[in-house]
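Q: Taken in order, these protein sequences are the chains called A, B, C, D and E. Numbering follows the working numbering, in which position 209 of the first sequence is assigned residue number 1013; successive positions increment by one, without gaps. Numbering follows the working numbering, in which position 3 of the second sequence is assigned residue number 24; successive positions increment by one, without gaps. Numbering follows the working numbering, in which position 3 of the third sequence is assigned residue number 112; successive positions increment by one, without gaps. Numbering follows the working numbering, in which position 352 of the fourth sequence is assigned residue number 461; successive positions increment by one, without gaps. Numbering follows the working numbering, in which position 151 of the fifth sequence is assigned residue number 164; successive positions increment by one, without gaps.
Honestly, the hints are just simulated from the structure, not real lab data. Fair warning: there could be bad hints in the mix.
As the list claims (entries may be wrong) - One-sided excerpt, in silico: chain A residues whose CB lies under 7 Å from chain B: (1) Thr835; (2) Ser854; (3) Ala1031.
All figures in this text were calculated on a predicted structure; none of them were measured in a lab. Don't be surprised by glycine CBs; every beta carbon is placed ideally from N, CA and C.
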Amino acid sequence: ASAISYWHHFTSQSEMASLLKIIGLFQAANTDVAVTQENIPNSEYMAKVSSAVLAGGRPDTAMVIAERFADLTAMEGLIDLTDRVNGWAGKTNFPDNRWTGLSSNGAIYAVPAFAFVDWMYYRTDYFEEAGLAGPPKTFDEFLEACRKLTDPSKGRFAFGMRAGAGGFKYVIDVMEAFGSPIVKDGQPAIDRAAAIEAVTFYSDLFLKEKVVPPSAPNDSYRQIMEAFRTGQTAMLWHHTGSLNEISGAMKQGEQFSTAPMPAGPKAHIARVAYAGNGIMKEDNIEAAWQWVSFWGQTDAAVALLEGTGYFPASAAALQDQRITGNPIYGAAVKTLDFGRLPNNFIGAAGWSENVVNPAFQSVLTGQSTPEQAVDRMTQGLEAALR
Amino acid sequence: MTSSASRYLPFRALGELSETRYWMYLLLLPSLVLILLVIAYPTLYGMAISFREMRLTRPGLDGWVGFKHYAAMWSDPVFWIALKNTVVWVTAAVVLELALGLLTATALNRDLPGTKIFAVLILLPYFLPNVVAGHMWALMLDPRLGVINDILVRMGVLQSYKAWFADPNAALAATILVEAWHGFPFFALLLLAGLKSIPEDLYKAAAVDGAGVAAQLRLITLPMLKTVIAAAVILRVISLVNSPDLLLILTGGGPGDATQVLSLYAFQTAYKEFNFGYASALSVVMFVILMIFAVAYIRMSRITKE
Amino acid sequence: MATLSIKDVRKSYGSVQVLHGVDIELEDGGFLVLLGPSGCGKSTLLNMIAGLDDTSGGDILIGGRSVVDLAPKDRNIAMVFQSYALYPTMSVARNIGFGLEMRGVGADKRKRAVEDAARLLQISHLLDRRPANLSGGQRQRVAMGRAIVRDPELFLFDEPLSNLDAKLRVEMRTEIKRLHERLGTSIVYVTHDQIEAMTLGTKVAVMKGGHIQQLADPRTVYERPANMFVASFIGSPAMNFLPGRLVRDANGVRFEASGVSIAMLAGKPAEISERPVILGMRPEELKVAARDQASVTGVIDVVEPTGPETMVTVQVGDRSVMARVPPRFAGQRNEAIFLAVDPASVNLFDPDTEQRIDI
Amino acid sequence: MATLSIKDVRKSYGSVQVLHGVDIELEDGGFLVLLGPSGCGKSTLLNMIAGLDDTSGGDILIGGRSVVDLAPKDRNIAMVFQSYALYPTMSVARNIGFGLEMRGVGADKRKRAVEDAARLLQISHLLDRRPANLSGGQRQRVAMGRAIVRDPELFLFDEPLSNLDAKLRVEMRTEIKRLHERLGTSIVYVTHDQIEAMTLGTKVAVMKGGHIQQLADPRTVYERPANMFVASFIGSPAMNFLPGRLVRDANGVRFEASGVSIAMLAGKPAEISERPVILGMRPEELKVAARDQASVTGVIDVVEPTGPETMVTVQVGDRSVMARVPPRFAGQRNEAIFLAVDPASVNLFDPDTEQRIDI
Amino acid sequence: MIESKRHRRLIANIATYTVLVSLSAFCIGPMVWMFLTSLKYEADIVTQTMQYIPSRITFDNYVAIWTQSGFPLLIGNSLVVTLLTVTICVVTGTLAAYAFSRFAFRGRDRLMLGYLVVRMFPAVMVIIPLYVVMRGVGLVDSRFGLALAYTSFLLPLFVWMLKGFFDSAPRELESAARIDGSTRLGAMVRIVVPLARNGLVASSVFIAIAAWNEFLFALMLTTGQGSRTWPVGLQLMVGEFQLPWAFWPPAASSASSRSSFSSLSSNEPWFRG
Ligand SMILES: Nc1ncnc2c1ncn2[C@@H]1O[C@H](COP(=O)(O)OP(=O)(O)OP(=O)(O)O)[C@@H](O)[C@H]1O
Ligand SMILES: Nc1ncnc2c1ncn2[C@@H]1O[C@H](COP(=O)(O)OP(=O)(O)OP(=O)(O)O)[C@@H](O)[C@H]1O
Ligand SMILES: [Mg+2]
Ligand SMILES: [Mg+2]
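Looking at chain A on its own, in the form it has when it is part of the complex (with noise of 0.2 Å):
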C-alpha cells in the first residue's frame, strides 16, 4: 500500500464532509492507496505551496482551480499529465473546454474535478414587489432593475456588490462586459476606453445611483452573503458553491431565485472556473494518479455536488438525474453553454488581488477616478507580465 498526501483549501463543514465522503469512496475502490488530506486555509494556500515548491516539501497532490493555475505551472509546480490523460479512459467525460483552463502550451497538468459556474441570486419578492417581471437580461436591464428595488428608507439595496477580498472578478467581468480584453497572447492588452467606461459603469451603481451598500468597498464573500441573507440586498452575483448557504437561509422559489447573470453592451461574462487536481511530485505518481483522476468519476463529482453546490467538470455527470431533474440548476446549466473561462496568465492572481482590487476600491473611496484606476491597472498589469 502506499501513502499519499493531499492539500487543499476545503475548510468550511460541508466541504471537509463532502472531501471524506469522496477520500471514502476512493479508499473502498483503491484499498491499497492511502490519502492524507491536509487543509489549508484558501488565502494562505499560494503562500505554502510556493514555499512548498521554492523549499522543498512538497505534497504529492493538490487542488488546483483555474486562477492559481497559471501561477503553479509557472513555477513548475505541476507535473505534465499529457500522456496519462491521453491514455485515460475517462477523458472522454471532458469536453475540450474542461481541459483548456488546465493546460499550458499544450500539455495538461491536472484532472478537471469541479465547476465554480458564476450567476446571480435574486429575491423574487423584492422584484414582485418593485413590479419586476423577471431577472434582469442585460446591463441596461440590471440597471433599471437597480433602481427600482432600491428603498434606502427600507435599508434595502438593490446589488450586493463585492470590492473587497475578491472583489477584483467581478471588476474585470464588467470590464470585458464593455468590451475591453486583458491580456492577449501574453501580452497586455486592456482598452482603455472600454475599460474606464466600464468602470464608471459599476463604480456608477455606489458611488452615484447608490444602489449598493456603502459597505461595498469592504465586502468580500461573508459580507455580500449576510447582506443578501438579512434582506438588505435583492441581487447577488456568485457561484453555484453558494447555493447551499443561501437556500438553508431562506425559500427557494418562493424568497429567491437564480438567473444567469445580464449581459454586457459588448459580451455576456460569466465565468466557469474548472478547478482540478494535479500531482506535485513524482514519488507516488501512480498512486497518485488514481487519486486525481478518481475525482473525474462520476460519483465523486455528484457527492461534491450535493455536499456544496460545486458543479461537476465531467459532462457525464452533468447528465446525471440529480442536476437534470433539479430547476434551480437550470441558470448553471444555461451558463455553461456560453460560460467563459476565467482569465488565465502567469500573474493573474496576484495583478487581480494586489492591483485590481486596491484600484477599484479607491475609486468607490473616492480617493482616485476611473481614469487613474484603469491606468493602474495597465501599468500593474505591464509590471506583472514583464
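Given chain A, work out where chains B, C, D and E with the ligands should sit, using these hints.
A: Positioned in the frame of chain A, the structure of chains B, C, D and E with the ligands alone reads:
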C-alpha cells in the same frame, strides 16, 4: 581537596569550569549559537534576495540585479503610501496604547480593593492571538451584524449603521482602535511594574511641595517611567512594524490603499505576486528604518545605560 | 513659626489601631523629637501632621488653626524624608526650588531664594548636578535646602540622618541644631536614635506601640525616665537593670541585691515599705572605686576600649552590668572590680508595672 | 586558624586603579579591621581575599599558602555580609548548614554542627524559621552561625553590623568580640565605623583611596594617628585641628595660635625649629579648667547634652573646637570658656604633607 | 473655599473605579459578546434585529469545534510546541541573561542590542530561507523545528526581560554561596535562579503566550495534522466562508488563565535598564 557535593561527574566538571574566566562566554554560547544557527543565515539570505530577481512564476528570470528593486521602490507610489501608513498606524497605535496603558497602570497602582480582579480582566485581550482579535472585531464592526453599530445607533451617535472599513479614514482609525485594544494591556503590565518601583516618598514630597495630580504626573511619574516606557515602546514598535496579521484579517490593506502598510505590502508582494526579490527589498528597507529608529531611540532614551 | 497642638489623635488601618490618642503641645519655635522603636507609629503621626495620611480621630492645630481638612500643600509645612525623596530627574537647583515653582513664585525670585538656601547649606557648587551624582551628605543637604527655601511655619523631619554614616551624622546633627537656632522655625523630628533626640530636642516624646510613654525635655527623659521602657530605650549602652529589694535598716533605706548594696535615703519615711524593686543605673554613673567605698562588686568579663572611653562588662551576681570608664582603664578579664554609684543618679522601678518609683 | 599575608595586592577595573599595592600581615588568631571611608576599596580587598574578585597583581597567602588561583570554595574561609545574604528560600538551619552540605558532610554530623553553632549564638529556637521572619539582630546571628559552623581558617566580615540599629549594634559588637576570644580564628573585618574598629581589632588598617594610611593596633591609631586623615577619620566627634606655630621661648617649646598656648616640651632640643604646624586635640582631652590653668580660651557656641556627656562647640579664634564635657555642664551660649589640655595627648601635623610630626 | 480632603479622596477613588470599570468593559466586552454569539443559532446572528441576550441557546458551535477539526490534537500540538519553546528559552536564555547581568565585559551593551536586532527583520522574508534550513536538517513539519524557530525570535525578548530580574537579585547571596562551597554554576542554579523565580515565571509566561498564539511561522513550517498548532487550525475553521464564533472556548480559556497568572506574578519590576 574536597570541593563539591555533586555526585555527577559532568556537573562537577561544569562546576569547575564555572570558576574559570571563560565561564561568561560559555554562558552566552548556547543562546548565541541558537540565534546564529536558526536566524542568522535565513536573515542574511533573506536580505541577499533583495539584490536578485526572484519571481517564482518566472523561473527564467533568476539572477543578480543590484539595486534594481530599490530603484523601483523609489518610483512605486504604493510603497510611499505604505510607508506613510506604517508611520501613522504605528505611531497612533503606540501612542494610544501608551496612554491607555498609563491610565490603567495608574488606576491599578492605587491598590484599591478589587484591583486584582480588574487587572486580570484588563489583561485578557493581550493574551488572545491576533487572528482571534481580528476576527472578533471584524464581526463587531460588521456593517450589518456589528453590535457596535447597533449600540451607537441606539445611543443616537449614528444615524444608521456605518461601514467602518469602507471609508479610508474610518478604516484606519478602526484598525488603530482594534490594535490599541489588543496591545494596551502590554503597556499596562509593564508600566504598572514601573510605577511600583517609584518610591512612595517622592509623591509625598511633591504633595508637601504643592504639586497637584497633573504636576506629579508630568514631573515625577513620567520622567521616572522613562526607561520602562522606552523599552516598552521599542519592543512594541518592532512587533507592530513587523506583523501584518491584524490588518490582513481586518482590511487586507483596503479600501484602496488606505490601510496598506509595509509589512502587509511585502507579504502580498511575496505570496500573492511571488515577487520575492521586491518583497525582500521592501523588508530590507523596513529593517533599516527600524534599526535607525531603534538605535536613535535607544541612544536618546539611554535604556541600556543607567 | 507656629505652635503645634496634637489633640487626642488616633489612627487605625482597618481594624489595626496604630495610634491610641496622642496628645502633644509644642511651643512656638520648639523642637519636638518623636523617638521610639521601629513600628511605634512615629512616621504615621508625622504623616498626619503633614496631611499625607488622614486622621481617624482627634485634631491637629498648627498656629492655632485646625489643619485636618487641609491638603498637605495648604498646611504651610516643609518635610525632609529619610530617603530624602529628591526628584531624580531634576537638577539640585530645581529640586530646591520645586516647592516655590509649584506655588507659582517667579523664576528670578526663585533663583535668589535657591541660591540663598544653597549658600546657607554650602552646596552652591552643586546646584547643577543631578541627585544621583551626590554623596549621602550632599543629598541630605539638598533635602534640607528644599525644606528651608519655602520658609514654612513648621518643619517635619522623618529620620533625616539615618541613611548617613556615623561621622556625617554627627556633622549634620550639629548643622540641624544650628539651623534651628538660626531660623527659629518649629520643628517636629522623627528618629529612633536617642543621641539625636537628646542633642536636638527641646522636647522629646518617647513612643511605643502608638502610645506616648513620656513627653518631657531631654534631660528629664534621660535622668528621670518615666518607666523601664524609656529608661532602656534611651542611652547607649543601655541602662543597667538589677532586680533587688528595698530594705530598711538602721541607717535608712537601702537597695540590696547580690553584689550590690546602695544607701538610698538616710531617713526612713513611713510611706516607703520594704518591697522588691528594679534598680536602674546608667553605665557612666558607675565609677571605679576603692573596695571600701564600692556599692557594686563584680568580676570583669569584657573590656572594650572605644578610644574616648572604655566599656567594661562586669558580672554582678548572675547579672551583667556595663560600666563606662576612662580610656586608659587597666583591668583584665576575670579580675574583681569595685564600683561606686551616686544614689541620686539611680532610678527605681516597680517590677510589675515597670513604672518609675520616686522615693 | 591561620596567618594572612597580603603582598603588594593591586586591583584595577578597566583603567581605574582601585587598590594601589596593599601590604598587610596578620598574625594567627589576629583580628584585622579594615577601616576607611566609602569607596576606598575595603570591600574590594575583602572580596579578593575571599576569591570573589580576581587580583590584578600581588599575592595573597592564607596560612602560608598562596590562594590567588583558588576558587572561593577552596580557600577555607567564611564570610559574613553586610546584608547578611541569607538564602531566603531556606530555613535557618539549612542556611547555617549550607556550607557543610556543599562540602558533602553527612546529614547527622551537619545537624549536630548546626545545633552547636545555634546554641552558641542562642538561636536554637529559630532553626525552623525562614530568614524573612527574623529580626535584624537574629539575621545577623544566623549569618554568623553560617560562618562559624564551617570552622574555617579565616573569617571575613563585610560591615556586618551596619544594618543594625545603634542599640543592637553595641550588643552584637560585644558578641563578636566574645566569639573571637572563644574561637580564636583569625578575622578580617571591614567597617567604616571607628568604634567597631577600636573595640574589636587587634590590628587596624586605615585605608583611603586604595592606599593603606596606617596599620597598627587600635590604641596607636587613636592616640598617635599617622596623618591628619587618620586623625580626623577616627574619633567622633572628630579631632579638633588648629593651625598655629611651634615657637621656642624661655621655658621650652610651645604651640601658639589665636586663643591657644600649650607648653609642649620643657627642654629645647636642637632639632626642633620654629615652624607652622597643625595641632590636633581630641574633644575628650579638653577639660574645663580655671582661667589661669587654661591653655585654650574661647566662647561657647553650641551646647549639646547627649545624656552621658555634653558636647560643647567653642569658638577659638576663628576656629570651632569641640569639647566633650561632663553631662551636667552649666555653660551658656556666648559665655567665655577656659579649657586645659594634657600636652602628652595632643598631636602635631605638618601643614603641607599632613603627616604626623613627632617631637 | 477649602475642599475637604476626604471628599477629594472619595472623588479620586470614584474616578479610579470609573476608569477601571470602563476599561474592563472595553477589554472584556468584546469577549462577552463573542461568548453570547457562540451560544446563538446562526439564524439569530445573521439577522436584521440585534439580539443582545440569545433567545435560544445552542452548543452546536462547541460540538463542532471539538469534532470537526481534531481540536484536541491541535491543542496538544500547541502545548508541546509552547513547552519546547519555553524550555529552550529558559535553558539558554537564563544563562545568557545571567551573563549579561553579572559580568561586565566589553561590548556587552552592543551584544544585548544585537540580540534585539534579531527581532527586527520581517518574519515574512525569513520564513522561506528558514524553511530551507529546517528542511536541510529534517525539522520541517516537526514540533521541535517550530519551537526552534520560535526560540530564535522569542529568546532575545526573554533575555532582555530576565536580565532585569537578575539585576535585582542581590549579588551577595551568590558570593555567600560560593564561599559556602558552591561553584559559580551551583550558586546560580541553587541561589540566583530560585530568587529570580517570579521573574522567570513572568518572562516565561510572556514567551509562552507568544508561542501559543503565533500564526505565520506555524502556518508555513507545518503541514500535517501532526504538528499543526491551534491558531492555524483556528484560521482553517474560520476560513473565508464561516463566521468566526467557534474559537471562543480555547481562546478565552487560555487567555484568562494566562492573564490571571501573569498579573499575579508580575508584582515586581522586571525592567531595570
Ligand atoms: N498603610 C498601612 N497599612 C497598615 N498598617 C500600616 C500602614 N502604614 C503603617 N502601618 C503600621 O503602622 C505601624 C506604625 O508605622 P510607622 O511607619 O508609623 O512606624 P515608625 O514608627 O515610623 O517605624 P520606623 O522607625 O520603622 O519608620 C506599623 O506597625 C506599621 O506596620
Ligand atoms: N565592578 C566595578 N567596576 C568599576 N569600579 C568598581 C567596581 N566595584 C567597585 N568599584 C570602585 O572601586 C572602588 C572601591 O569600591 P569598594 O566597594 O571596595 O569600596 P568600599 O570601601 O567597600 O566602600 P563602602 O564602604 O561604600 O562599601 C569604588 O570607587 C568603586 O566605585
Ligand atoms: Mg518611619
Ligand atoms: Mg563595601
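Q: State for each hint whether it applies.
A: Here is how each hint holds up against the structure:
no., hint, result
1, Thr835, "violated (38 Å)"
2, Ser854, "holds (5 Å)"
3, Ala1031, "holds (6 Å)"
Going through the hint list in order, the structure does not satisfy hint 1, though it satisfies all others.
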